[in-house]
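Taking the hints into account, I'd like the entire structure generated from these sequences.
So you can see what is in the structure, the chains are spelled out below.
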Amino acid sequence: EPEVTQTPSHQVTQMGQEVILRCVPISNHLYFYWYRQILGQKVEFLVSFYNNEISEKSEIFDDQFSVERPDGSNFTLKIRSTKLEDSAMYFCASGQVAGASEQFFGPGTRLTVL
Amino acid sequence: DAKTTQPTSMDCAEGRAANLPCNHSTISGNEYVYWYRQIHSQGPQYIIHGLKNNETNEMASLIITEDRKSSTLILPHATLRDTAVYYCIVRVHSGGGADGLTFGKGTHLIIQP
Numbered sequence: 001e002p003e004v005t006q007t008p009s010h011q012v013t014q015m016g017q018e019v020i021l022r023c024v025p026i027s028n029h030l031y032f033y034w035y036r037q038i039l040g041q042k043v044e045f046l047v048s049f050y051n052n053e054i055s056e057k058s059e060i061f062d063d064q065f066s067v068e069r070p071d072g073s074n075f076t077l078k079i080r081s082t083k084l085e086d087s088a089m090y091f092c093a094s095g096q097v098a099g100a101s102e103q104f105f106g107p108g109t110r111l112t113v114l
Numbered sequence: 001d002a003k004t005t006q007p008t009s010m011d012c013a014e015g016r017a018a019n020l021p022c023n024h025s026t027i028s029g030n031e032y033v034y035w036y037r038q039i040h041s042q043g044p045q046y047i048i049h050g051l052k053n054n055e056t057n058e059m060a061s062l063i064i065t066e067d068r069k070s071s072t073l074i075l076p077h078a079t080l081r082d083t084a085v086y087y088c089i090v091r092v093h094s095g096g097g098a099d100g101l102t103f104g105k106g107t108h109l110i111i112q113p
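Keeping their order, the protein sequence lines are chains B and E. Residue 1 is where the first sequence starts when you use my numbering, and the numbers rise one by one after that. Residue 1 is where the second sequence starts when you use my numbering, and the numbers rise one by one after that.
A couple of the hints might just be wrong.
List time: in silico DSSO-like cross-link candidates among lysine-lysine, alpha-carbon distance up to 27 Å [as the list claims (entries may be wrong)]:
#: 1; chain 1: B; residue 1: Lys78; chain 2: E; residue 2: Lys69
#: 2; chain 1: B; residue 1: Lys83; chain 2: E; residue 2: Lys105
#: 3; chain 1: E; residue 1: Lys105; chain 2: B; residue 2: Lys57
Rather than coming from a laboratory, the hints here were simulated on the basis of the structure.
Pasting the structure below:
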C-alpha cells in the first residue's frame, strides 16, 4: 500500500540554523500539507500546497517558513532560522482530491532545536 | 469551521463496540464530519467522513443524527491496537483548493484487555 514517507525521522539543530524537512507524498496525489505537533499539544495546520503554489496557510506559517516541490516527487518544508519553540513533530500529508477529504499522513520528523 | 466537542477520554473493553460521540451543534449545511485518529507518536490516520447519511467502511461506521448536530463513530470490535486519540473534525469542502484540517484535543480511547 502506498504511503507518505518523511526524512529524517529525527533532526537536531542549533538555534538560528536552517533546516529542511523532506517528504515524499503518495505518487498520484496532487494536494500536499504540512502540520506540526508540539509535544503534548494539538496537531496544528501549517500550510497546504496545490498546483505549485500555496493554497492555504495558518498564522504559524510566517516568513521563516517556506515550502517547495523541487521535483516531481519531493515536498519540502524549510525553516530559515530555527527558534527553540520550533521544536515539534512535523507531519507531511498528501491527498488525491480537493477539499479536506482523506489526507494521508507521514510518520513525522521530530525536530529538536537546542 | 464549526466547533466540535468530544469527551476527553473513554474506556472500552477489548472485543466490544467503541462508540465515540461528537457534538457539532453549529454545523452548517455544507460542512462534512471527518474522523481521524492518532496512535501514540504516529501521524494522524483518516478513518471516515460523511455529510448527512450514515457511512461505513472497513474501519468504522459513522452515524450522523438527522439534525446533523452530533455524530457517533463506532468501532465495531475494538482491539488493543485501537487505543488512540480520536478526532472529530468539521470542515467545509472548498472549491478545489487544498484545505487544512483543524484538530482539537480529541478523545483518548483506551481499550482495556
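Now the hints, each set against the structure:
1. B/Lys78 to E/Lys69: Not satisfied, since the Cα-Cα distance of roughly 40 Å exceeds 27 Å.
2. B/Lys83 to E/Lys105: Measuring from Cα to Cα gives roughly 25 Å; hence the hint holds.
3. E/Lys105 to B/Lys57: 21 Å, holds
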